[in-house]
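These protein sequence lines are chains A and B, in that order.
Count along the first sequence starting at 1, add 128, and that's the number in the working numbering.
Count along the second sequence starting at 1, add 78, and that's the number in the working numbering.
None of these hints come from the bench; they were simulated from the model.
Hints may be right or wrong, so weigh each one.
What the hints assert, rightly or not - Listed next, the stretches of chain A that the computed footprint assigns to chain B, with coverage defined by at least 3 CB atoms under 8 Å from CB atoms of chain B:
| no. | region |
| --- | --- |
| 1 | 164 to 171 |
| 2 | 179 to 192 |
| 3 | 283 to 290 |
| 4 | 294 to 300 |
| 5 | 394 to 404 |
Bear in mind the structure is a predicted one, so any value in this text is a computation, not a measurement.
Note that beta-carbon positions come from the ideal geometry of N, C-alpha and C, so glycine has one too.
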Amino acid sequence: MLGLGKKDTSLLLVVVALTMLAPFILNPFPSDSAMAQFNAGYPDLMQRFVIFGIFAIGFNILFGLTGYLSFGHAAFLGVGSYSAVWMFKLLSMNILPAIILSVIIAGLFSLIIGWVSLRRTGIYFSILTLAFAQMSFALAYSVLTPLTNGETGLQVNLDDPRVLGVSATADGSIPVTNLFGLEMRAAYDMAVGPWTFTFSAGYYVCALVMIAAFYLSIRIFRSPFGMMLRAIKSNQTRMNYTGLNPKPYTLAAFVISGMYAGLAGGLMASMDPLAGAERMQWTASGEVVLMTILGGVGTLIGPVLGAGLIKYFENIFSKINDTVLHSWFAFLPDGIEDFFVSIIHPFVGKGWHLTLGLMFMLVVTFLPGGLVEGGQRIAKAFRKKEDDKPKSPSTEPAE
Amino acid sequence: MSKTNLTRRGVLKSGAVAGAGVALPTIFTASSAAAYTNEPTGASVTLGFNVPQTGAYADEGADELRAYELAVEHLNGGGDGGMLNTFSSKELKGDGILGKKVEFVTGDTQTKSDAARASAKSMIEKDGAVMITGGSSSGVAIAVQGLCQEAGVIFMAGLTHSNDTTGKDKKANGFRHFFNGYMSAAALAPVLKGLYGDDRKAYHLTADYTWGWTQQESIAAATEAMGWETVNNVLTPLASTDFSSYIAPVLNSGADVLVLNHYGGNMVNSLTNAVQFGLREAQANGKNFEIVVPLFSRLMARGAGENIKGIVGSTNWHWSLQDEGSKAFVKSFGTKYGFPPSQAAHTTYCQTLLYADACQRAGTFNPCGVGEALEGFEFDGLGNGKTLYRADDHQCFKDVLVVKGKENPTSEFDLLEVVEVTPAAQVTYDPEHPMFAGGQLGSCNAG
Chain A
129 MLGLGKKDTS LLLVVVALTM LAPFILNPFP SDSAMAQFNA GYPDLMQRFV IFGIFAIGFN
189 ILFGLTGYLS FGHAAFLGVG SYSAVWMFKL LSMNILPAII LSVIIAGLFS LIIGWVSLRR
249 TGIYFSILTL AFAQMSFALA YSVLTPLTNG ETGLQVNLDD PRVLGVSATA DGSIPVTNLF
309 GLEMRAAYDM AVGPWTFTFS AGYYVCALVM IAAFYLSIRI FRSPFGMMLR AIKSNQTRMN
369 YTGLNPKPYT LAAFVISGMY AGLAGGLMAS MDPLAGAERM QWTASGEVVL MTILGGVGTL
429 IGPVLGAGLI KYFENIFSKI NDTVLHSWFA FLPDGIEDFF VSIIHPFVGK GWHLTLGLMF
489 MLVVTFLPGG LVEGGQRIAK AFRKKEDDKP KSPSTEPAE
Chain B
79 MSKTNLTRRG VLKSGAVAGA GVALPTIFTA SSAAAYTNEP TGASVTLGFN VPQTGAYADE
139 GADELRAYEL AVEHLNGGGD GGMLNTFSSK ELKGDGILGK KVEFVTGDTQ TKSDAARASA
199 KSMIEKDGAV MITGGSSSGV AIAVQGLCQE AGVIFMAGLT HSNDTTGKDK KANGFRHFFN
259 GYMSAAALAP VLKGLYGDDR KAYHLTADYT WGWTQQESIA AATEAMGWET VNNVLTPLAS
319 TDFSSYIAPV LNSGADVLVL NHYGGNMVNS LTNAVQFGLR EAQANGKNFE IVVPLFSRLM
379 ARGAGENIKG IVGSTNWHWS LQDEGSKAFV KSFGTKYGFP PSQAAHTTYC QTLLYADACQ
439 RAGTFNPCGV GEALEGFEFD GLGNGKTLYR ADDHQCFKDV LVVKGKENPT SEFDLLEVVE
499 VTPAAQVTYD PEHPMFAGGQ LGSCNAG
């Protein structure tokens, strides 16, 4: 289907099913139960899941295929966000022109940075991209304040021109971002017994974009171009000797992944029209590296899983405070309750980084292929049991 | 993988069935019955406390959180009631707000606009918070204030001192109890004149973001009006930890006063650097070299240690104040946590009480009703004397304290002494003052 092999088609269908049914999957607990703390099915977080999924998919095209580790990808995300917010300020609150502009600007920006950085490989390339990203961050943070509004972040205001829209709505507030009239913040709550599922327009727009981005990435992975990128990763010298110039391929991969980042940035600004400089900081660049490695470098679905896991930790674990802990262990006698709370305390709330760090350590040590490898091992364990039964001998094609 | 037969008709059929299945429960739910965002329908109401738990302002954030918990305890009738007993409005009875028990959720702003907005959004969308409060940086406060305006909930600003919060970035749903850069300048200028004379040359080091810029602008304007000269203004990144390279040129610049527009960890480091470079003993233009820190807090004074002695600045509130409200607050905070509260704790505690009281008076949690109740509200007994929540820009007007680092502290908390209490009238400005102009409140948004 759609020019994909059977395996890829089923993977795409799985991703489609997961994203479309996310409001159900992410809200498994009744909304008034104690476990509701772990529900992640509210619009903002679901949007973040898919937006960072797009970011990580794009990053994986560069890192997973060519092996070039960019430490400055957040710069493209930031540039995308700023472009989108400027479109909201100047043109209209429709997200389409904003997203298109953010992809274009991020593409141009990555062309310049890539053209310079790709003169070097390995660690030198990483350092160059890191330097460029930090430069962009510093510029956005202070020097370019008229353009970026510095540390406060660029926001839409009541007195912005918005030539194709309105500066302010009839009741005197800032218009909200929309797609041809469909408001991004529009949401619909569906109550089924004790459960509440929220369907947000913004989330479904992001999800559709992510499915398209995912499809495109499958096509790139399976194309001759993708094969060439893999060749660069496995042995660039050999490629040179066969008379192929790897530079145009790496630059194309770099620009494509930069445009993915710009798309993510534009979507982020469309969901919440604010662009902050810290989106470009090196920690944000490091985060996407973590997402990709955690999920599985070079796999199709890995980066999306990694992005989801990290955002889940950041938004859910960081909100478990001592009061919540005490309510969990309230059934225990006082002394034991305090003991349990004090043991768990460092790992939740502001200590969520610690939990994430431990998790990352375990994954890298025991599952070098990331979560995808974990999934494969589980699948294999199940398959082995089936294999115990005698089967008709099958013929394997020779290598 | 087993072979699947996808026919056009089959897909359409199953799609229609699935669609009907999803749509079915909607018949039974009344769509959007709530009158405003997160209208509390149960026996409790949820407030969102969004403070920095990590980053440069984590100390302030931790103290704010303590104050919030204390405020919730008092609102629910626990503890000794604190400032509820001294508050001029007697609407709150210790049975929650409008009879609903007060519950709260917390989040970490990480002192970043993005993270702060994400955290506030999750409180509004997931936890159903009807009011967001907190923030220990003006950049964050402005970003979250914008979000609350869009989402249709009230934002009660915590520690934010930039003129912009209630100036060009003011919002109808946002309210600030804390004072601002202009007020600091207006209160400090006469004191500085009395201490150091009217013929001084000032050198500014300024944190490079909205708060630093507006405070520097205010201080420069106020000191220049009394005859001082501003030699130079150098912007320093918020993330800096070592200020030696910024301090070194100060001595040869011809300046004889150094103004540190820094807060929190920044101020502790820059002041320490300045003292290490011998600025305090230095002479310039035949006068003693002086250092001024326009915005002070006890937490910073503790961080700076010995270096703070004799340095002049301003503060919103100090625990050594002897009015009934302050004494009651210090007592209940001290009983619960074992040490006196900081100005950050005080302002967040007051904001929670003010919000609760406004709901009670308005008889609703609707942001528009609450906003109306807060606008033009005059109150007393919260530690700052008579205070007005001005309707034009949602800024509180109250007395400002000018403080000095104590020469002989008696305890690790007794670090500042109050030099002068500047009356509210002296720090009041016109809402259309050039430093605050350019923004509009807009209309209140109830979601």
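Outcome of the hint check:
no.: 1; hint: 164 to 171; verdict: holds (count 3)
no.: 2; hint: 179 to 192; verdict: violated (count 0)
no.: 3; hint: 283 to 290; verdict: holds (count 4)
no.: 4; hint: 294 to 300; verdict: holds (count 3)
no.: 5; hint: 394 to 404; verdict: holds (count 3)
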